[in-house]
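Let chain U serve as the given structure and place chains V and L with the ligands on it in line with the hints.
Residue numbers (the working numbering), protein chains in the order written: chain U, 103 to 278; chain V, 3 to 793; chain L, 204 to 549.
Watch out, some of these pointers could steer you wrong.
In silico PhoX-like pairs for lysine-lysine, Cα to Cα no more than 25 Å straight-line [unchecked claim]:
| id | chain 1 | residue 1 | chain 2 | residue 2 |
| --- | --- | --- | --- | --- |
| 1 | L | Lys224 | L | Lys343 |
| 2 | U | Lys113 | L | Lys416 |
| 3 | V | Lys107 | U | Lys125 |
| 4 | U | Lys116 | L | Lys224 |
| 5 | U | Lys113 | L | Lys258 |
| 6 | L | Lys205 | V | Lys107 |
| 7 | U | Lys113 | L | Lys205 |
| 8 | L | Lys416 | L | Lys220 |
Everything labelled a hint here was simulated from the structure, so no lab data went into it. Note that the coordinates shown come from a computational prediction; the quantities given were computed from them, not determined experimentally.
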Amino acid sequence: MAATNKGKTAKPAKVVAFSVNGKAVELQIGSEPHQVESSHTLAHTLRETLGLVGTKITCDNGACGSCTVLIDGKAILSCMTLTVECQGKSVMTIEGLADPVSGRLDPLQQSFIDHTAFQCGFCTPGMIMSAKALLGENAAPTEDEVKEALSGNFCRCISHYHVVKAVLAAAPGGSE
Amino acid sequence: MAQEYRFIGKPTKRQDAAAIVTGGAQYLDDIKFHNLLHGKVLRSPHAHAYIVKIDKSRAEQLPGVEAVLTWEDVPDWIGGTPRVVRVLDRKVRYVGDAVALVAAKNAQIAKEALALIEVVYQILPAVFDLEEAMKPGAPQLYQELPGNIVTAGTPAFGRNCLTEVVMGDVEKGFGEADAVCEGTFGYENIANPIPPEPPGAVAHWEEPNRVTLWVSNQASYLDKIILFHLFGKKVEVRTHGAACGGSFGTKLMSWQVQSYATLLSKATGRPVKIIFTKEEHIAAFVLRPGSRMHARVGMKRDGTVTAVSGTWLVDTGYYSATTQAQVAVGCGEIQLMTRCDNWDLKTAIVCTNRNASGSVRGFGGQELKCSFIPVLCLAMEKLNIDPVEFIKKNYVKPGDGYFWRDGDWYTYRGIDYSDCMDQGARRFGWQEKWQGWLQPSAVDGPRRRGIGVGVHGNADIGEDSSEAYVRLHPDGSAMLFSCITEHGTGQRSNYVKMVAEVLQIPMERITVSPADSLVNPFEYGPFGSRGTYAIGSAAIKAAEDARRQLLEMVAPRLDAKAEDLETVDGMIFVRGKPEKSIKWGAMGYERTILGYGRFDPDFTLANCMTTFVEVEVDTETGKVELLHVVNATDAGQIIDPPGLEGQLNGCLGSSGIDSAIFEETVLDPISGHILNANMIDYKWRTFSELPPIDNVVLETPVASHRFKAIGVGEVATSPGPMAILMAVSNAVGVWLHEYPVTPERVLKALGKINANGKVNDSAKVNAKVNAKVNAKVNAKVNANAGSGGAA
Amino acid sequence: MKPFLHLNAQTVAQAVKSLVKFEGRARLNAGGTDLFGLLKDEFLPEYPEAIINLKSVAGLNYLKQSKGILRIGALAKLCDIAESPLIKERYGALAEAAHAVASPQLRNVATIGGNLCQDVRCCYYRYPRHLGGPISCARKGNGPCLAVRGDNRNHAIMEGRKCFAVCPSDTAVALAAFDARLVVVGPAGERRIAVRDFYHPLGNALERDEIVKEIEVPALAGRARQSFLKFTLRRPIDFAVVSVAALIVVENGVCCEARIALGAVAPGVIRATAAEEYLKGRAIDVESAAQAGELALAGARPLPKNAYKLEIVKTLVKRGVLGLPLETAGEGDAGGPCPHGNPERG
Ligand SMILES: Cc1cc2nc3c(=O)[nH]c(=O)nc-3n(C[C@H](O)[C@H](O)[C@H](O)COP(=O)(O)OP(=O)(O)OC[C@H]3O[C@@H](n4cnc5c(N)ncnc54)[C@H](O)[C@@H]3O)c2cc1C
Ligand code: SF4
Ligand code: FES
Ligand code: FES
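Excised from the complex, chain U in its bound form (with noise of 0.2 Å):
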C-alpha cells in the first residue's frame, strides 16, 4: 500500500487480494451482495461467498479450532480473521489438500481414512489443517508434539486417539 497518507489518520481500502489453495482471488469492498464487507471473517468469505464449505465452524469464537485454515502455512482460525486483513496473503483450506490434477489424496487426508480417524466428522477439517501445519514445520513430530500441535481443536465425539495414529503414520519423516 502506497504511503502517501503518511501523518494523516488510517484509509479503508477498496479491494483485497489473496490466493486460496493456490488459486488468485480479489473481491471488492463494501456492502452489496457480491462484495466482501470489512467485517466478513475469512470462515464467513470462505463459506458463502467463495462456496468452500469444507471449513467448518463450530463456535465462531475462537475457542475450538473447527474453522482452522493455513494463512502461508500456519494454522490459524478463519472465524477470528478478517478478509479483508488477507490483502497478499496465501490461504490453504480442506479443499486444497488433494492434488488438484490427479485428485490424490494428502497423505494425512489418506491415514486418516485409514484409520477411521473421525466419527461424526465435523472437527475433521480443521483436524487436518492443524495437522497440516505441523507437519509443515515438523516432519517426524512425537507424540507429544502431535498432542500439542492439535491442542487447539475441539472433538466431542472424542476421536482423538485415532487422529494421533492418524498424524504420527502420516509424518513424512515419520517411523511408521
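Leaving out everything else, chains V and L with the ligands in the frame of chain U:
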C-alpha cells in the same frame, strides 16, 4: 467366541470417509439453496415474564427483512410432553426463551432486526431449584402443570409407562439388611453434550399445506412424525436428513428450531434457514436433566440388596419433551444394576425457569445412577464390600426379571456380564490397587491416587420399530433403504456391512438411500442403543428377503431348489458347485427385486458397560487428574472395530466422565442466566489431557439377530461419572457427593476451606488428613508408585 | 459481525490520529483474538464505528535486547515470544507465560500488546447480546456489579472495588515480575507505565487515544531461577484460576532477590512484596517457600465463592519459589519428609 465373517468384524472404510476428509461431506449449513432467507430468534432477557407489548414495526421496516413473527402472528402449535409449550408464547419461561422470529436476506440483517423489536415485559418471580419449585406459593410456569409437577409418563410408551419401581415389601427388606444407609445426592450440573455442529433447520413451505425440511438430526424420520403432530396433523411433512455433526442424543429431535424455520417459510413463501449460534446451542438447546435423589438402601454383608426406597426428583428445566421417557428408562435401568426384590422408588418431574433438559446419551439411567450409587457406596463402605464384587453380583443375570419402560415385566434372556467385569478389572489392576473404602491407592507427597468403578446398561437395545428395504439390481449391486442419518457412529456403513454379509457382495456395491422420509420406510432412528440390534435387524431381514426372492426366481434356471442355492459376488450357484453359476442379471435387466424387513421391540436383552477409573488428586490445589480409564463390555459380535473403539473412547466427552471432573452448566443463582454459554467457559477435554483408555470388548454371541451383536456405543458415557466420584473420595479419604469435583469442592472436603470462606491453617489440616490414611497403606502404595520415601 | 469502517494504519502516529478522530468510537485491532469476541457478542453498550488495523504498521513486532533491556514491539506475536531463544534464555518465565495463552492457532496471531490490553473475562460482563443480554454492570457504567452476589468463583480475592473482574492476561504476570514498563504513545507524546500499575478495577491506565507501542523488560541482575505456573481447570484454552510468576536469585545459598507476581487474583497483577521481603537473605527450602506462600495472601478478602483460590495461591507460590512444576509431587509437607531431598532443581 465370535464367528469369522467376510465383512462383519473387519475394519472397513466408512462409506463417507473420503467426503469427510476432503471437506465434501454435506452438513446442513453446507447445502446450497436458491432464494434462501436466514432466520434469527429474539431471546428473552428474563427468566420468567409476560410479554405485555411487542412492537415489531421498526424491525419490519429494515431493508432486507422479509418477516417478523411474534406470538400474536403464529398458529397455536403446541409441543412438549404433555403438550403445553407454544412455539411462540406470550409468556417467557427462561432466559433465552424465544420471543420473536425474523427472516431476512442475510443473517446479519436478521440479527440487526432483532435489536429493533421493542418488547415490554411484566417480570414474574422465577424459580431455579426443583424443590423450591414444588413448594406451595412457588412461581408457576404453566397453568396446566400445578405445582410445577410435569405429568408423569409418556404416551409414546403406552398407557402403563413406567413411572416408579414398586414391588415386594421394603420394610421386610430393610429388616433383613445388615446395613441400612440413606442420603440425598444429586447429579445437578446439567452438563451439555455440545456436539460441534449447532442445531438448525431449513424449511420450505408450499401452499396450502406442505413443508419440506432439511434437518441436522439423529432421527430424521421421527422429526417428520413429531412435526406432523405439532402442526395439528394438517400439514404434510417431509424431512431430509443430512450428515449430522454429532448429536449424543441431543439432536434426537429439534422441533423448536424446525418449527421456527417452518413458520418463517410459511410467512415468506421462501426457504428459510436457521442455524443456532454456539451460544444459543448451549443456552437454548438440550441440557442433561438435573437429578436429585433421596434414597434408602438395605444391604446384606454378601452384597445382596434387600430393599430400595426413595424419591427421584428430576429437574427438566422449562419444559419436558423426553424427560418422562428418560425417567421410564432410568427406572428400568436401576433394576438392571440392582438385583433386589423390594422396591419403593417414586419419581417426580419438575419444571423450573431454566433452559430445558432433554434427551442425552445415557438417557435417564446415567442421571439416576449418578445420584443413586453414592448411597449404595455408603452401605458398601459400612459392610466393607468391594464395589467390583458388588456390581458383579448385582448386575442382571439370565432368568432375572424387571419392569421396563412400558410397565410390563420382562425376563432377561441375555448373557451374564460377570466375566466381562472380571476381565476389565484385571486389565485395570483393580485387585492390586483397591485398598478399601476411602483409602487412596497411592500417595506421593500431596498427590493421592484413588480408584473407582461404575456400571451401566440398558434393555433399550431392542426398543421401538424399524423398517428397511433392500433392492437388488441385475448388475449385482444393491441399495439399502433405511432412514438413517450418519451422526458419527458409522452405522450407515455398518448396515451396508450387514447387508453385504447377507448378500455376499462387496460393500462398494451397496449404496444407502439418502435419509429422505418420502422414499424410506418407517424408522425410529439410530438413538439409544438400538442401532445395531433394532435397525440392524430390519436391514438384515430386508436383505434376506430380497436374497430369498432372487434365489426363488432363478432356481428353475439352475434346476435346483432355492434353499440349495448360494450367491457370492453377484453369481448364483448350487451350494458347493460354483463351477456352474449364473449372474444376478438372470433376474432380467428390466427388473429389480425389493426385500422388506421389519423389527418389532424386544426388551429382553440388555447391554452392559463397566468403567474403571484411576485419578490423582493434588490435595494442595484440589485439582483432579484422570490417569487411566478401562471400559469393559461385551458386544456379542463386533461389527466394525475402529468404529466401536471410537464410540467407547467417547466415554470422556459429551457430558460423560468429564461431567464429574470439569463439565458443568453454570446458572446465575439470582437471574437465571447461563453464565458459561460459550466454548471457553464450558470446559471440554483437549488433546493435551488425554488419559490412556483401554477398551476390553468381549464377543459372547447374544440371541439378537443373525450376527449375534448388540449396541454398546451409547452407554459408554454413563458409568464414568459415578466412578470418578468414588475414585476421588477414595483418594482424599472423604466422601464427595457433588458433580463435578471442582478444586473448590475437593479443598472443602479436605477441610482446607471452611464455611465462611476462610482458609484453614494448613499444617493442622494436613496433619488431620494424613491421620486418615493409615501407615500400612502408605507404605504399601508408596512402594507401588515407585517414589521412595515417605513411610 | 455488525459492519464497521475498517482502516489500515501505516504508522503508530497515524493510528493515534485515527483514535483521536473517532473520539472513543474506534478500536484497535492487533491479533483480534480478544476484539472479535466483543464485536461478535456485542456485550458493550456501544458498538465501535471503526476498527483500526495495527498489523499494517510495519516493524512493530521486534524482540531485541540492548543495554540490559529487552524491548518487545507491541505487535510481537505470542508464538514468537514463546519460541524466541533470547527470551527463553534470559526471560524464561515470560516465554512460558506466552506459551500458556490460549491455543496454538491463537498464539500464531495474538500479540503481546493485545494480550496486555485485553478486556476482562467476567461472565456477566461478557454475556452475549443475542442470548437476552447484554447484562449491565459497574464496569460498563450502567449498573451494580452482579458478581459480588452472584457466581464469583473466578473473581478477585484482592483489591476488588466496584468491579471484581481479574486481569486475564498471562504475560502481564510474568512482565510484572520483571518490573516491565509499557511504552505508551498518545497525542501528547510518549509515557511509560509499569505493568503492575497498568490495571485498575474498572479498566486500564490507557487514555482512549493511546496505544501501547513497546514493552521494556529490564534484565535481572543475577541468574534467576524463573517459573510461571498457571492453574486452570483444563489445559489449554483456559484462563488462569490463579497464576504465579516467580524469579528467585540465589547467591551463596541465600536468596538475594525474589520477585513474586500473582495473576488472576485481582484487577491487576499483584506483587507479593511481603513474601519477597521475607525470602531475601534466607535459604530457599520447603519451609521458607511455604511461608512465602502464606505471606502472599496478605490483604486477601475472598468473595463467597472464591476462597478456594487462596489455597491455590499458597501452593503455586510455594512451588514457584522452589522451582517445581505445577503438577509436582512430593515436595513433602503432606506426606512427611521431602522425598526429593534438595528442592532446588538443576
Ligand atoms: C479461546 C480463547 C482463549 C484465550 N485464552 C487466553 C489465555 O489463556 N490467556 C490470555 O492471556 N489470554 C487469552 N485469550 C485472550 C486473547 O486471545 C489474548 O489475550 C491475546 O493475546 C490478545 O491479543 P490480540 O493481539 O489478539 O488482541 P486484540 O484482540 O487485537 O486486542 C485486544 C484489545 O487490546 C486492544 N489493543 C490491542 N493492541 C493494542 C495496543 N498495541 N495498544 C493499545 N491497545 C491495544 C484492542 O483494541 C482490544 O481492545 C484467549 C482468547 C480466546 C478467544
Ligand atoms: S466483576 Fe466487574 S465486570 Fe463483572 S459484573 Fe462486576 S462490575 Fe461487571
Ligand atoms: S469456529 Fe473458529 S475457532 Fe471455533
Ligand atoms: S469426530 Fe465428531 S467432533 Fe470430532
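Hints versus structure:
A hinted pair counts as satisfied when its Cα atoms are at most 25 Å apart, and Lys224 of chain L with Lys343 of chain L qualifies at roughly 23 Å. With a CA separation close to 21 Å, the supplied pair Lys113 of chain U and Lys416 of chain L stays within the 25 Å bound. A threshold of 25 Å between alpha carbons decides the hint, and for Lys107 of chain V with Lys125 of chain U the separation of about 29 Å lies outside it, so the pair is violated. Restraint check for Lys116 of chain U and Lys224 of chain L: satisfied, since their Cα atoms lie roughly 21 Å apart, inside the 25 Å limit.
Restraint check: the Cα-Cα separation between Lys113 of chain U and Lys258 of chain L comes to about 14 Å, which is no more than 25 Å; the hinted pair holds. At roughly 15 Å between alpha-carbon atoms, Lys205 of chain L and Lys107 of chain V fall within 25 Å of each other, so this suggested pair holds. Of the pairs offered as hints, the one joining Lys113 of chain U and Lys205 of chain L holds, with about 19 Å between alpha carbons and a cut-off of 25 Å not exceeded. The straight-line distance between the Cα atoms of Lys416 of chain L and Lys220 of chain L is roughly 14 Å, inside the 25 Å bound, and the hint therefore holds.
Hint 3 alone, counting from the list given before, is not met by this structure.
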